[in-house]
Structures are given as structure tokens and as C-alpha cells.
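Peer 1: Going line by line, the protein sequences match chains A and B. Per our numbering, the very first residue in the first sequence carries number 178; after that it's consecutive. Per our numbering, the very first residue in the second sequence carries number 65; after that it's consecutive.
Just so you know, not all the hints are guaranteed correct.
[Said to hold, decoys possible] Simulated crosslink set (EDC-like; lysine to aspartate or glutamate; CA at most 16 Å straight-line):
hint, chain 1, residue 1, chain 2, residue 2
1, A, K544, B, E475
2, A, K544, B, E402
3, B, K213, B, D252
4, A, K544, B, E472
5, A, K549, B, E475
6, A, K215, B, E402
Everything labelled a hint here was simulated from the structure, so no lab data went into it.
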Amino acid sequence: MLRKFLDRIKPNFQKGGKLHFLHSTFDAFETFLHVPNKVTTTGAHIRDSFDSKRAMSIVVIALIPALLFGMWNVGYQHFLSHGVTADFWQIFFYGLWKVLPIIVVSYVTGLGIEFAVAQIRGHEVNEGFLVTGMLIPLLCPPDVPLWMVATATAFAVIIGKEVFGGTGMNVWNPALIARAFLFFAYPSQMSGDNVWVSKGADAYSGATPLAQLGAGNIDITSAQDMFIGLIPGSIGETSKIAILLGAIILLWTGVASFRIMLSVVIGGLSMGWLLNLVGGENVFMHIPAYQHLLMGGFMFGAVFMATDPVTASQTGTGKWIYGFLIGVIAVLIRVFNPAYPEGMMLSILLMNTFAPLIDHYVINANKKRRLKRAKNALQQTI
Amino acid sequence: MSKEIRLKRGFTIRIEGEADKSLMSSTFKIESYAIKPTDFYGMRPKLLVEEGVVVKAGTPLFFDKADERIKITSPVSGVVSAIIRGEKRVIEEIQITPDEHMQYVDFEKQEPAKLSAEQIRAKLLESGLWACIRMRPYNVIANPDDHPKMIVISAFDTAPMGTDYDFVAHGRKQHFQAGLDALAKLTDGKVHLNTHEELTHDDAFLYAKNVEINKFSGKHPAGNVGVQIHHINPLNKGEVVWFVNPQDVIIIGRLFLEGHLDATKIVALAGSELRRTGYHKIIAGACIKSLVVENLNDDATPRFISGNVLTGKKIAQDGYLGFYDDLISVIPEGDYYEFAGWAMPGFGKFSFWRSFFSWMIPSKKYVLDTNYHGGHRALIFTGQYEKVLPMDILPMQLIKACIIEDIEAMEALGIYEVDAEDFALCEYIDPSKTEIQAIIRKGMDLVKQEMS
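This is chain A alone, in the form it adopts within the complex (with noise of 0.2 Å):
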């Protein structure tokens, strides 16, 4: 039924078609809703079923446990905060309610560009924004306002994205370029103590326990608390073990790297220890290493931003180096600028510019090996 309907209207999109100049956007719902007809010609006879589609669903569903309970921990921290008791489904609904309409702003605004630029340049509809569009809320403080979600949108998928060739060609994560967007052009709304709990009660500190520790504060929440995600913060970033198990998933079915997520997690611990040796003034230099991944943006940012293929770095030993920068850089950040008590957003970014130096010297690395033996052959015969 559905596909007759496709194939008696789809002429209209054909080249001389009417609307030839919807063409892109034809495609992008006809592949959505079925898989194309098109067979090989030339090269391998058959393909994997994988493709681009259940690559991006797989990195959303991915993050639906960070997704879920970050909307509940919005409504739970809400309550907390007005000392009023809710049952599980009023709290759950609070965040449902604060969350969707993010989510909703950032994927019309993202797709709304996309659409438009793959109809410009005749290209297909990449997938890549799928995940941006759905990582995008999730990096945000619950009380973030609509408009500002939906410029940080545009100015990631243009500035971010579009500026450099579309999908695959950008330098930076374009999710984090939304947030480093949000953060630098609206301070007050990114950070404080009263941004990271919906509607606060006027009295409450609402202070991640970053934030806690930037003020001096020693006595921060439990390691366990933070670790089940029972903390105020970015709405996807709080529960660990919801994104222990996006890792798991993107993991078991190959879509992130290994290297990439643990490499960061060994760079993070190692810096943090190493402060912890070296101790001094800083209340930052005296929290147990494991911490510094409990706390923020860290975990989520080893597991769902650094692993992004297209900035991290492209080959192997490259993916250990640049996962190792970012867990120490991130932990460098948060303990010796006060400023920037988030240090994951910016040490990702930071390395994200450095991901083609690294992969340049392993490249160039590998060809060296080629030329000495070369050599080493020539030498032999003569």
C-alpha cells in the first residue's frame, strides 16, 4: 500500500519531475521507510545489512537509558529541591515535560538545516544529525530556554558543520559546538549554582558537585550518589551507570571504539592520581581519582562525545593517544581553572583540533616503516 503510494508519486521527484527540487527530502522519507531496491553493479555483489541509518540508531538508542533518566532525575531533583514528596510517574512526567520540548526545538532546527543543505547541494540526507540532534539536549541544564537551544542548534549544524562539507568533514563534535556555543555567548543561563535544577526553590543551592568543589567545598556528595546519577547537572551526564550502559551497547555492537573510551578513562585516572600525589592548596588536588569520572560531564563525554568517528582520531594508536589526552587534559581543566569547572567540553574540543596532528604522525609513522624496508631490500641486493 504504502509503497505504491511511494512509487506513483515518485516520478514527480525524478529528475524533470515537478518537484525534482524536493528530491533530497523524497529520499530521505522514502529510505526511512524502506530499505532502497538498489543492487550492486560493480564491486562486491552483496553488502552487509549495516548501514548508515542503524549506525545512528544504534548510537540513539544507545543513549535512551541517559535519555529516561536524565528526565527523571529532572523532576526528582525539582522536588528535592521544594522539599515536596512526588510519586515516580509525577516526576518522571515533570522531566518528561521539561526535556521533550528540547529535544523537539533541537531536532526540527537541526533537520530543518540539513534538509535544506542536502536539497542545495543535491546530496542525500546524512544521519549523522540524529545523534547530534539527540546528544544536543542532553548537554543541556534542564531550565535551558527554547530560543537559545534552537540558536546553539543552528550555529552547530552550520558553523559547526555545513561550513566544512556537511557529514564526515567536520573538525568538531558539532554537539559540543552547540554547548561551547551555549556556554560562552550565555554564562549566566550555562553556569551557577541555580541553573542545573529545574525551577529550584529560591533558597536551594542547586551547585553540581563540581561546582561544590570549586567553591572550596570538600564534603561533596557520595561517590554513590553520583554514580547512580542522584545529583544536578546537564540532563544526560548525571547517572553513570545509564551511561555505562550506552556504553555497553555501543561497544557490543562496534560502533564506538574501545580505545578511544577506555583510553580516556586511564587518562582521567592518571592525571587525577597524579595530583593526588603532588597534593597543594587546591581542594581539586585531594579528591580520589575515580571521582574526577563521577563527577560533570566525564563519563559522558569518554562514551558518547569523544568516540565520535569523524573527530576523533582515524587510526588505531592515534584513538589510544587522543582518548589519553582528553582524560588528562579534562582533569588538568577542572583543577587548575576555576573558570571552567567542566573541563570534558573543552578538553574534547581541544583534542578534536589535534586528532589529524596525531593521526599525521602515525600515518607518517607507517610510512616510514614502508621506506626502511625498502631500503633494507635495496641494500641487500646490491
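Once you have looked at the hints, place chain B on chain A.
Peer 2: Showing chain B alone in chain A's frame:
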């Protein structure tokens, strides 16, 4: 020194339809044969025959304009029935209707061990069997003036539904050995016969003389000569390695021992669209029609492939087996729409990635069709091609160097060591559905052009 090489990276495509290991009775009659000049990559053919000419098995049909010594001869005796030309008058097929009784051009029986390299080279060139010897880099017919640092023979095929060379070589030890003896004279280095730990058991291979026997283990593409060369003695710029298919070694041996060109091969007929699979004893260049036409499943929508499903060429139902091929794969076409296919759990979908629940049934075999299973997208994923390319080569970087036609980078990243077929699995698993083999082939052509 013979080597033992364990390859960890690679991938087995669990495709349904592997050829049954039995020789099928030859009740069919092959009505036509054809030689396709396009099988010889990069060759510019100059015809020596015209329609209606009577030929014997071993009569030259055409030669290469670039090197007149390289001739291609008729595999059977009969009449040249048609010369099919395509666009720009490119010769596509030289069709021959065979005689009742095969007549051979006499090439004189000789013991290869007693001949000089010069005599062997001359005989192979004369009989048209020189074309069986191909070279790396570039994967084209070997240049008779080159001095290859070694000659490599892969005695096993790891490709999906690949030909079982144990089955092929069984009982043909004498011819195989004679072929090896002839090849051994053509190189200053060694002839390397590469066997597989689990796949190679036949005496013809394990007790072959005058060669280095290397033992490999691992999944596809372990059977590719490119991968094997990389691990035995990697190719450097300026070096040349030759390679020959074991079936062709047998044909070469037969030429010397019998004194005529008998291009009979044991060809696997495989694929899920067939009622009965198995091996056929046929001559190279045979029309496949009589082998498949009565043997298709009911309401089959077959694609016929000369070669394996990763690297073979699409042919018609009345098409011809390629010169270098010893496998006919028949798989279903995939020209259907699948509702929300990308979103389904996918219990019945085979995949390299564990995103479909088919990973829960690890031993099941699947009917695989020719659908792309997705649209062409940007190259996003990294670190995946490496998992199916067991070489010290950075596949993504090499592919990109080929796309931007950066010859210097291609050289530095190892274009000389690879062939398009080594990237076939990368192409298979690729979520962006990029035509990687074509990209690599284009890169190789570009480098070849630059070097000559």
C-alpha cells in the same frame, strides 16, 4: 625457510550455498565457448582471427598491442562463430563453437626440469598460457622480461563459497608438480606454495617439491595472494612478484607433459539459487547456460557471477566463465524494498556488526542477495576496515589517497602491495556503501600510468 603465519584479522561471510564436494556427471553439452579480452586487465587486444575461421585448441586468437609476445589462444577447437564488440568497438567476446572431437595444436612433450628458463618462457608464450602468470603490483599479466623476486601460489581459497583446491588438485599431483617445476625456472627466488592449516590436506600440495611450503591460518582474506606476499616477503617499490592460480599450474604442467593445451578446469558451481551445487569438469571459457538453466530454484531471480561474490564479474545466464575464474556463484538479486529494514531487530540478517540480533545464532548460514542494504553516505566510521585487512596498511588513509589521486601518498601508504580484491571485505562491511574496490583499482591504474 618455510614460514608459519597466523592471521588474526579477517572475516568469514556465512553465506548459504557452498558447492557440494562432488563431481557432477557431465550429461550436459556446452554449446559455445568465449574468450573475453576484458578479463586481461589493461590489455589492448589485436585480433588474429575473424569470424568463420577454424581454430584448434592452442591457436592464437589475439595478442597484446603493448607486447606482441603475449598471445591468448583458443581453449577449444572449432569455428570462431562471432566477435562481439561493445562501445567504441572494444572487443568483448570472441565466441567459438566447439567441434565434436577436440583437435590440439602440438606443443611437443617435454620434461620441464630438463628445459632452460628461456625454453619454458617461449613455450608458455607460444601456447597462450603466459597469461596465467600475473604480477604484483598492478595485478596484470606478467612482463616476460621481469625478474620476479618470487612466485606465489595460494593453494586455498578463503572467499565466500570459494573453490576447494584440495578437491581440484586431488589425483593431479603429477601435472601440478610439473607446473611447479616449470615455474621454478622462471624466478631467481623461490616458488612459494601457500597452504592453510585447516583447508589444505591433499598430497599434491603438502608433498610438493621444488617449492617453499608456507602454512597460513586465519579467515578470509588469508587466501589472497596480496595478503600472503605481505607476510612472506613484502613488495617494495620497484620489485615484482608473480602469482599463479593452482588450477593454472596444473594446466601448465599438462602442457609440458602431454604436449598440448588442455584447459580443463574443475569449476565449482555454488550459490543459494541452485537446486544442486557441486563441481564440474569443464574447459575455461565455457558458456554457463547448460550448467545452470535446469538447475535453478523455482521462481529464482538469479544473479550469475563468474568468480566469487566479493570480486567476481556479473555475467548473463548465457554468459561465459572468465579466464581466471574457477567458480560460478548464483545468488538472488536483491531488487526489493524492505519496510523500515534498518530499524528491525534483524534476527535473520547476517552482519559483520553485532547490531542485528543474528549474532545470537553464530553458526547459521544465510541466503545473501545483491541489495545494497542502504544508501551511499559519507565515510564516517574508522577502525573497521583494519579488522578485515590483515596487513600493515592503513586502509582508510590509502582509500582517501586514491580518491584524491595523490600518487605520492598512495606509494608511501603501500599501493604496490595491494590489489582491489584485498579491499573486498572492507567494501562488504562498509556502512557508507562506498565502492572501495573501484577506488583502489583506479588508484593502481593511476600509479601504473605514472610509472610507465
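Peer 1: Work down the list of hints and note, for each, if the structure agrees.
Peer 2: Verification of the supplied hints:
1. Our distance criterion of 16 Å between C-alpha atoms is met by K544 of chain A and E475 of chain B, whose separation comes to about 9 Å.
2. Annotation: proposed proximity of K544 of chain A to E402 of chain B is violated, straight-line Cα distance about 44 Å (limit 16 Å).
3. For the proposed pair K213 of chain B and D252 of chain B, the alpha carbon gap of about 6 Å is at most 16 Å, so the pair holds.
4. For the suggested pair K544 of chain A and E472 of chain B, the alpha carbons sit about 11 Å apart, so the restraint of at most 16 Å is met.
5. Restraint check: the Cα-Cα separation between K549 of chain A and E475 of chain B comes to about 13 Å, which is no more than 16 Å; the hinted pair holds.
6. Proposed proximity of K215 of chain A and E402 of chain B is supported: the alpha carbons are some 11 Å apart, at most 16 Å.
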